[in-house]
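The chain contents come next:
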Amino acid sequence: MSNRKIRVLLAKPGLDGHDRGARVIARCFRDAGFEVIYTGCHQTPEMIAAVALQEDVDVVGLSCLSGAHNYLFPQVAKLLQDKGANDITVIGGGIIPEKDMAGLYEAGIKEIFTPGATLDSLVEWINNNVNPKE
Amino acid sequence: MKELSKKVLEGDIRAASRLIRNLEDQIPNTYIAMQEIFGKTGNAHVVGITGAPGAGKSTLTDELICAYRKKGDTVGVLAVDPTSPFSGGALLGDRIRMLRHAEDTGVFIRSLATRGAMGGISKAVGEAIHVMDVLKKSKIIVETVGVGQQEVDIINHAHTVAVVLVPGMGDEIQALKAGLMEIADIFIINKADRDGAGKLYKETLNMVNMSKDNKNGAQGWRIPVLLVESVLEPIKFAESVEALRDKIDEHYQYLIDNDLLSERMRRKTTAELNEALWGTILQPILKDLHADGEINRLVDKLLTKASDPYSLAAEVASKYMK
Ligand SMILES: Nc1nc2c(ncn2[C@@H]2O[C@H](COP(=O)(O)OP(=O)(O)OP(=O)(O)O)[C@@H](O)[C@H]2O)c(=O)[nH]1
Ligand SMILES: [Mg+2]
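Residue numbers (the numbering used here), protein chains in the order written: chain A, 53 to 186; chain B, 1174 to 1495.
A portion of the hints provided could be inaccurate.
[Stated by the list, open to error] Taking lysine-lysine and the DSS-like style, the derived pairs with C-alpha atoms no more than 27 Å apart in a straight line are: (1) A/K57 <-> B/K1420; (2) B/K1492 <-> A/K57; (3) B/K1309 <-> B/K1175; (4) B/K1409 <-> B/K1420; (5) A/K151 <-> A/K130; (6) A/K57 <-> B/K1244; (7) B/K1420 <-> B/K1460; (8) A/K57 <-> B/K1179; (9) B/K1179 <-> A/K135; (10) A/K57 <-> A/K151; (11) B/K1244 <-> B/K1309; (12) B/K1372 <-> B/K1175; (13) A/K135 <-> B/K1375; (14) B/K1309 <-> B/K1474; (15) B/K1474 <-> B/K1495; (16) B/K1460 <-> B/K1296; (17) A/K135 <-> A/K162; (18) B/K1296 <-> B/K1179; (19) A/K135 <-> B/K1492; (20) B/K1179 <-> B/K1243; (21) B/K1375 <-> B/K1309; (22) B/K1420 <-> B/K1309; (23) B/K1460 <-> B/K1474; (24) B/K1175 <-> B/K1495; (25) A/K135 <-> B/K1180; (26) B/K1372 <-> B/K1409; (27) B/K1180 <-> A/K130; (28) B/K1372 <-> B/K1179; (29) B/K1309 <-> B/K1243; (30) B/K1175 <-> A/K57.
[Unchecked claim] Pulled from the structure, derived: some chain B residues nowhere near chain A, Cβ distances all over 10 Å: (31) R1187; (32) G1266; (33) L1433; (34) V1489.
[To be verified] Short derived list, chain A residues pointing at chain B, Cβ under 7 Å: (35) V76; (36) A78; (37) G85; (38) I89; (39) G92; (40) C93.
In short, the hints are calculated from the structure, not lab data. Even for Gly, the Cβ is constructed at its ideal location relative to N, Cα and C.
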């Protein structure tokens, strides 16, 4: 059905408090036709997982600049899996060193975007890889 | 679909959210799930929070959740934000003010986009209220989009409507113009730290006292005007929102005691039947007309003045309705 809209939760887990980048992404997603639930900074993985379930999102986009991504990203993915929400696509962005990537993919993060990634490439990735629910 | 309604009735949050989504996306056969659910609805108190963009509706809703949780209520929130007419996407930002409730299982918050509806809420709100109702939420708060002129559809869905006014926007005149006077059961003067809050309070009080022809006046409910303390004073703010909670509940009790609830339920239910008739009768006809290009042929007839909309509508009606 073509009425289906892709729903995205954007969140910044952890302690860093800059969310300008995330706001820009939120607006860009809206302009791409997605429904974006934007929840800002300072969230625990537990909060993010709970919100993702309540909002029935297709994608959870996490951004982290504080360096704690190796704990925070997998934790969100794990909590969603524990709740049987394996079909929610978790992606991440931020300053993520090359050496951490394999571990994050292993933990269930579907794609990692580093600061060089363009907004268009983000939208394109979601359009190509996320099927809104049947 | 039966599977889905069964899960919803068991209290499954994700299933409930999916059902709301199916309603928003107008997935065929979703009504089968709603058939299972409708009979079990009608228990919750539905509270509408409306007012200008940025008036502080979400901030108030967040505190009101606390106030209700303190009293032992469970709370559902439907937070509506506008869909972009250009992209069809939406930035749903109400929830960012309510994050502290994320893990409270007694609170279920769901963001909705208007999807082109003009009345300040979305088409799916009425049904989403039913879903929250069967999840046994005792209070369901609907935050409308920031309203301007005639966006007062909330009146068809809420038992109690609270209208939020803030100083510095010429709101009292605006409120009259926008027909908010007719829908308000309670006025809230918000952002007390701002210049003019006291003045706005007095003006609104005057306005309420002077108007005899508002819907409640005849029935004896005096529309209260509540000055809510500034969010910058958290303790006072919480206290005054508890007073707001009590006022909202007093209104509900008033409706019950004076046999007015059934009147509101009738209005709500009539609106729902209207929607369902529209969806079941008109929508398929429109779909049909669009599918085979007939709609273009009809429009051509109008452009060349070969016919008029009324005759064509009668023609279509006689073809489809026997
Ligand atoms: N000065 C002051 N600002 C407030 C008060 N309450 C809320 N705000 C601020 O007003 C802004 C808008 O608040 P929201 O609660 O998002 O308002 P809203 O009516 O839900 O906004 P929309 O949903 O976008 O229409 C935020 O920056 C709040 O922090 C208050 O009592 N005083
Ligand atoms: Mg809001």
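Q. Honestly, which of those hints from before does the structure not fit?
A. Those not satisfied are hints 1, 2, 6, 7, 10, 12, 13, 14, 19, 20, 21, 24, 28, 31, 32, 35 and 40.
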